[in-house]
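**Student:** Residue numbers (numbering that gives the first Met the number 0), protein chains in the order written: chain Y, 0 to 82; chain X, 0 to 575.
To be clear, the hints were calculated from the coordinates, so they are not data collected in a lab.
Don't take each hint at face value.
[As the list claims (entries may be wrong)] A few chain Y residues that face chain X, going by a derived Cβ cut-off under 7 angstroms, partial list only:
| id | residue |
| --- | --- |
| 1 | Ile49 |
| 2 | Leu58 |
| 3 | Pro60 |
[Said to hold, decoys possible] Below, a sample of chain X positions facing chain Y; criterion: calculated Cβ distance under 10 angstroms:
| id | residue |
| --- | --- |
| 4 | Glu275 |
| 5 | Val282 |
| 6 | Ala283 |
| 7 | Gly285 |
| 8 | Pro288 |
| 9 | Asn452 |
Don't be surprised by glycine CBs; every beta carbon is placed ideally from N, CA and C.
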Amino acid sequence: MKVRIRLFATLQEYLPRDSQGSETAVDLTEGATIPDALGALSVPMTLPHIVLVNGRHVLRPNLPTFQLHDGDILSVFPAIGGG
Amino acid sequence: MDKIIRINMTELTSSIEPVPEEWAGLGGRALTSTIVAKEVPPTCHALGSSNKLVFAPGLLTGTAAANSGRLSAGAKSPLTGGIKECNAGGTAARMLAKLGIKAMIVEGAPDGDKWYSIHVTKSAITIQEESELLGKGNYCLVNNVQARHGLPVGVISIGPVGEMKMLSANISVADPDSRIRSLGRGGLGAVMGAKKIKFISIDDTGTPPVMPKDTVKFKEAARTFAKTLLDHPVSGQGLPTYGTNVLVNILNEAGGLPTRNFTSGQFAAHDKISGETMHATIVARGGTPTHGCHAGCQIQCSQVYNDKDGKYVTSGFEYETIWGFGANCCIEELDDIAEADHIMDDIGCDSIETAVMFGVAMEAGILPFGDGKGVIRMLREDIGKGTPLGRILGGGAAEVGRMYGVTRVPVVKNQGIPAYDPRAVKGIGVTYAMATMGADHTSGYAIATNILNVGGHVDPLSKAGQIDLARNLQIATAAIDSTGMCLFIAFPALDIPECLSSLIDMINARFGIHLTGDDVTALGKSVLKIEHQFNLDAGLSKEHDRLPEFFSKERIAPHNAIWDFTPEELDTFWNF
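Given only the sequences and the hints, what does the whole structure look like? Please build it.
**Tutor:** Rendered as structure tokens:
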């Protein structure tokens, strides 16, 4: 299955060079989790602070087991703020 | 800080008074709101002689405490019709604190057409007629005033928009690099213009540093406090690197980035205006990605944005401004938005109100969505020069909506809704509805917990927990706004217990008192209640604590979200 991964702020250094803007697509096996997806881009799981799947937050306790589906958009941010 | 200064613009006189006992423990917003509530008739005309414009540094301003240099300004707002407090960085707050001035109350208004400036030093307050700088923009004004004195004096000023008393007029404060910070919202620049004051300059020459009562305890607490700012990833890393504009992408991903005058929650061209793009642009053009708005700022979320030739365009280029002209007006060129930001600083209008207004103006067909050059032209040629159209545009979003028959007008209490869609981020919607200031994200920044996972997490798309969240944040914010601290200390304060405890320790060491956390909470509650009562007495009833109707009728993509709080639910906000 294909999952679209979007990395932002300091995490953008983990994007492959041929990425379109903030986004890259990865091929994953059925049942892959968020750590599986981020592992495909070598993003350490210590860095993400805000994780959204299809625009909905996935909280830290659920990150290790949250299963992705074909066509999902996974958006990942380090700790950021403003206002 | 041991004195109150009163400047009477009817008589053109000034006086110095001791601090009344009941004001001794107050600073910043607590003091401006207390004075306005006590001395300004709530039903007065905000641009008449009964209104008062109050400036106050915070409780910790002038000390060595990190991030303590904010200046509060308060009055009855001509925009909202209720009480108003704004705060900004710059150099004036620290200078006022060093001069021992706890508050400067400007009252009355002169008869006739003459304009004035006020100069404050250690030994004198001088009110002088001013003609040379009338009609000038803030950049030119700050340069001229500092050149006159041959010193980097503090400057508090209005541009032409304030002189013309438009409802979007702000008050500018010179920063350490003689650039512009803004007491932005609610039309306080029009209040200053109504009192015929073009600028106030402050010279703190010959004043000693502000010394805490207990210097040893103060130093220890200040060190702990500063460490929490460094240790928290938002205040220590995120904000210094990308500034506030890093929020474009997270709000877009979460579906809460109001786009095309609040008709969608996502902007297709978000990458073009994002914090990441802006950071790369600043670095490539030799600008400064990190910059502080006041001496002692440790977070340094500001920046200097240059044009393609490496020449200065603007600083303090914030997310809300970039969102407003970017996603909300569909302008994709960051350079156009930067130029608009510069012009607004110069002519002296609130960049949030003006951005929300242009969204409504585009919907009205005054100019097309995406027309960055048109915005620049209208700012310079219409609003800045006060043409008949400029006077309407300078009246803000609600005025333009009324004049052109637009029904999708995102305002609460007449003040434009900033940067976060209340349907998709419901906690901030509660803040917008209930804030004593009108729609103001800084009154209770629920984005922290709804979106940024700071202070825990409350689901932004669910109603559950949002009223408690907004209430608690508004209480805490009212207290922080009274200390002179930058609101961004709230990020570590929400996650690191030592941040708040060391802040209280600093206040105690500064004044030789024994406040507890409960006392600080009580202060925040008291400020909100004083402000709320003023608003009720001014005629802003609970029916004004509501979002515009369209938020309950129009769903927005991508979450198909709608505003679904009942009036009865919202009214429970005040149950404290």
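**Student:** Out of the numbered hints, which ones does the structure contradict?
**Tutor:** Hints 3, 5, 6, 7, 8 are the ones this structure does not satisfy, whereas the remaining hints hold.
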